[in-house]
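Asker: Chain residues, written in single-letter form:
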Amino acid sequence: MKQQLHKLIVKLLRISEIGSLSGLLIIVLVFSLLSEHFLTWTNFVGIFTMTAELGIIAIGVTFLMISGEFDLSVGSVFAVAPMTGAILMNSGISPFFSFLAGLFVAALIGGLNGFVLIKTKIPSFIVTLGSMMFFRGLLLAVSGGFQISYIGQNNSFLEVLGGKIFLGMRASGIWFIIGTIFFSYILNRTKYGNHVFAVGGNQEAAKAIGINVSKVKIINFVACSVMAGLAGFTMFGRFNSIDPTAGLQLELEAIAAAVIGGVLLTGGYGSIIGAFIGAFLIGILRSGLILAGAPSYWYKAFIGIVLVVSVILNTKIRKAATG
Amino acid sequence: MTATGSSVINKIDFKQILQKYGIVFVLILMIVGISIAEPAFLSRSNIFNVLTQSSIFGIMALGLTFVIISKGIDLSVGSILALSGVVLASLGQAASATSKYFPNMGELPVFIPILAALSIGALCGGISGALIAKTKIPAFIATLGMMTIARGMALIYSDGRPISTLVPSLTALGGKIFGFIPVPVIIFFIAIGISSVLLQMTKFGKNVYAIGGNITAAEVSGVNVSKNLILIYAYSGLLAGLAAVVFAGRVGSVHPGAATGYELTAIAATTIGGTSHAGGIGTIWGAFVGALVLAVMRNGLTLIGVDAYWQQITEGVIIIVAVVIDMRKNAKKD
Amino acid sequence: MSEEKYILQMSNIVKTFPGVKALRGVELNVKPGEIHALMGENGAGKSTLVNCLAGIHNPTSGEIIYDGEKVGNYNTAQALEMGISMIHQELSPVFHRPIMENIWLGREPLNRFGFVDHKKMYEMSKEVLKEIDLDEDPKTLMVSLTVAKMQMIEIAKAVSYDSKLIIMDEPTSALTDKEVKQLFRIMRKLKDQGKSIIYISHKIEEVYEVTDKVTIYRDGQFIGTEATSNLVVSKLINMMVGRDVNEMLPKVKCPIGDIKLEIKNLTHSHLFKDISFTVKRGEILGIAGLVGSGRTEVIETVFGIRSSVSGEIFIDGKKVEINKPRDAIAHHMALLTEDRRLSGIFPMLSVRLNMVIANISTYLNKLGLVKEKMLKNECDEYVKKIQVKTPGLMQKIEKLSGGNQQKVLVARWLMTKPDILFLDEPTRGIDVGTKAEIHKIITKLAGEGKSIVMISSELPEVMGMSDRILIMHEGRVTGIVENTKDLTQEDLMAYATNTVA
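Sequences listed follow chains A, B and C, in order. Letter by letter, the first sequence follows residues 1 to 323 of the numbering used here. Letter by letter, the second sequence follows residues 1001 to 1334 of the numbering used here. Letter by letter, the third sequence follows residues 2001 to 2501 of the numbering used here.
Note that these hints are calculated values from the structure, not bench results. Accuracy of the hints is not assured; some may be wrong.
What the hints assert, rightly or not - Within a straight-line C-alpha distance of at most 25 Å, the following computed DSS-like cross-link-like pairs (lysine-lysine) qualify:
#: 1; chain 1: C; residue 1: Lys2389; chain 2: A; residue 2: Lys191
#: 2; chain 1: A; residue 1: Lys319; chain 2: B; residue 2: Lys1136
#: 3; chain 1: C; residue 1: Lys2389; chain 2: C; residue 2: Lys2376
#: 4; chain 1: A; residue 1: Lys7; chain 2: C; residue 2: Lys2130
#: 5; chain 1: C; residue 1: Lys2181; chain 2: C; residue 2: Lys2130
Sequences are here, hints too, so could you generate the full structure?
Answerer: Next up, the structure:
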């Protein structure tokens, strides 16, 4: 009996999202006690919308981090992609093609990051720091620092990206859920997903059985970038305009979400569901603190604490589960 | 490898000089280029201007040099500047200030706010260091956490508002002495001197290199790794506090959102100066040159009349190119 | 036809690395359904040879005929395709993933929609695991397995590739007796299925227990292949060692003083138990034993790198507490570690910093600044004293040869003015000339009255240098003997394999 219980506990601990999930539950519990408005549908919808944009980026970042690299340029891509789209749309090109073009630019940036990384063997921190500055600068130069609004009449496409759909829920929430399911599926159900884990977990072992490590990394950089671009488009859909400074420092928040969700900085471990929970946790913290009457700044300080504590806990849990 | 003649030795020396001072040549080329396009660049006032501009992120880059040589990273220095800065400003407001943070407090001697800023910086850094040393979480995470915590504390402390109207003795720190030498530059140079001595001439400095070079071997050789890690991050935080003093002096007020993203500029300066993220390699001199490269570029492009945004673009490219050159040089040696 | 009879024929294999000729034209012939041992001292070339076979390296020249066909250069993935699997000594699985994904990595079974068929993968894994009698849930994460189990999974992987030739590089070095028995059972089962196994081991008793043939190498050369059952132990050892020891290293007797260091009942949670020994002033205590016998671990524990569960350490009769390397250094101990790259040198730092790192405190002035001039002079002195060949003190240590790197490390520890020196494989991977110089330094130190504990896998070295020899086997001391004229390598081997009559 005792042994069975122990086995059950170990089994529970092995779920890579267990840390973030319990953290989420505790935080939800605390805030529902602190504020009666917390556990309401409107609040939930509000949180979910706020979470979605960060969450969509966090999915891509997680996917990339599992393969052992990371990307600081997602905040810039978050603005570059919809900016490209907005400029094209305003010049009369159909919103759908503008959207695709925006995502294509995002993919190019991701590919460039991956290519430079593979060719020069510079750490991803430096490569993507460089491209983050480069593309943010390009963005500001092209836009002249002013925000660009969509001037056309064809709003339906923007609605699909980030408009309200039902019960106050926004489309971005749907994209968030679709992204989570899609990338979870890739990671857990496809051959490619296995290779992503192998490349991040043990690059040499992956090479030894003939996996093309460079290819996997470049593909993941592209995927990460495209998700950041998609997230940017949902924000464009929400405001009908895009600011060249949008997404500043979002890269760090996305990495925080991924890490709170259990991803290892060294790669080879983590889950998309974890990133989902991590992003959600950040969103809840933000709105919960406001509802609980704390000045909005408290949220910043809390995020840092949650991040550090969660990494320490995740490490301990992983050790306990694996002996 | 055996040297067969003096010509071989000369060749090696030449190569070493090129490797060691490659980025200096880049800097000189930039200066020459900009001066041709805009002779005003080389005026005395503009040179001091460039140095002043480089001083704030330059001071941070000095601390990051220690951190990066030890194979770590510190993302929190920008936020620490803001936190140290708002506390400094609150303690250093002039009696004439319209909205006083401590309404009933008179003007304090100037060393109190300065000391407060330095101690808060060192404390924040020390906490990051202790987290890294004791819990073994990656430096990236610990300092990312400290980055948001310190920023949050700065916002909470100041209630999101800038704190302004500082006593003249503080704003003097942003001014000039003898009518032409900017005080920030003097502070920057003193910080460079102290950091150089610490890194090159003390046991602490040697330990920093050893920890970054091979942490296991350092432990076996009797280096107190955890103590040194705490000191490294505390020093980085201390310099962020010092940068806050300069910042407050120059701007005359401190906003809790100040210095957002400065950590990346400082990391860029350190990296451009040849400090390797693989650990064990780097110099204070390099950080200074790296900071100058960025400052010269910003100033020069502005003088020539290039859009401010293009500066960021160039910065991004320079970082990558500098690191590529650096990696080449290390790879060639194998 | 003889070609029909072999699954593998390697002949005239030469492999050179920059500056080293690791294989000088060796051969290896393996028949189907045969367990074939490769034996030889460290540096004999066994590992290089199997690395060539597994596609990790390509031979510089030579011929490989596998399964009746001559094969050219190939990589590890192609080797697997051909049916050659290797189980490495240092296992490196994808730790945080389940067993089944590790087995089928790169060959994941797909369903008709192109997704990974986990159910099928699970079933296939079950089958493979059953084939090697391993009762483990394929969904278990690799990281939670013992080393022995991970090894079994590697074997299961080899089976799943339908490998005809499985290379095992010292598979038993981290296993318990019981686990070794299980491994042997599986090896025999694979043999009965007609698979061939190349088995590298230092453990003589195991070689006799499980192998059919044994091929012996020495200094990158082929010495001979024999049927294991026809080969007496003494001849095997002779073929491995092959030279007369006493001529190479004439032992210089130094005056021996009182007991300096005493270890009493040192016990680790699982690596070693009840280790007791003493070292006197001016004495060289050699420690012999097979790789994995716990030699290094004992020394690392005394030096404070690992922690013990019980036991006492006395210096000059006084009990001391050592929890960190810096405690040991404070007690005037020094440790030259086994793995120079891992825990010895700071590769990209200067020779000078590498030398002084353990001893900087001695060179500080009142302000806490390093007295550079004094430090430089001292370094120069040591460079001369132990003849380090370096273009200068500011040279990066990684650019020196292995032997000179080792000399710098010796200098590092001599500068701390130690009374007790632990030397773990002080001459591993070092050319003969430098080796002799290091031996001279060690002897000289003993002459100065220092106490020296030297671990070595090379019996000639232990026997040539030591006053007394301590032999370990599986975490226990099996003997401490005086190094007299009549002591033979066979005697030591008997202690090391715990087969003393």
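Asker: If you draw a straight line from the CA of C/Lys2389 to the CA of C/Lys2376, is it 25 Å or shorter?
Answerer: Cα-Cα ~16 Å, so holds.
Asker: Decide if the proposed pair is consistent with the structure: A/Lys319 and B/Lys1136, CA atoms, cutoff 25 Å inclusive.
Answerer: holds (13 Å)
Asker: For a C-alpha distance cap of 25 Å, please report whether A/Lys7 and C/Lys2130 respect it.
Answerer: holds (23 Å)
Asker: When you check the alpha-carbon spacing of C/Lys2389 and A/Lys191, does it fall within 25 Å?
Answerer: violated (53 Å)
Asker: When you check the alpha-carbon spacing of C/Lys2181 and C/Lys2130, does it fall within 25 Å?
Answerer: holds (17 Å)
In this structure, the one hint that does not hold is number 1.
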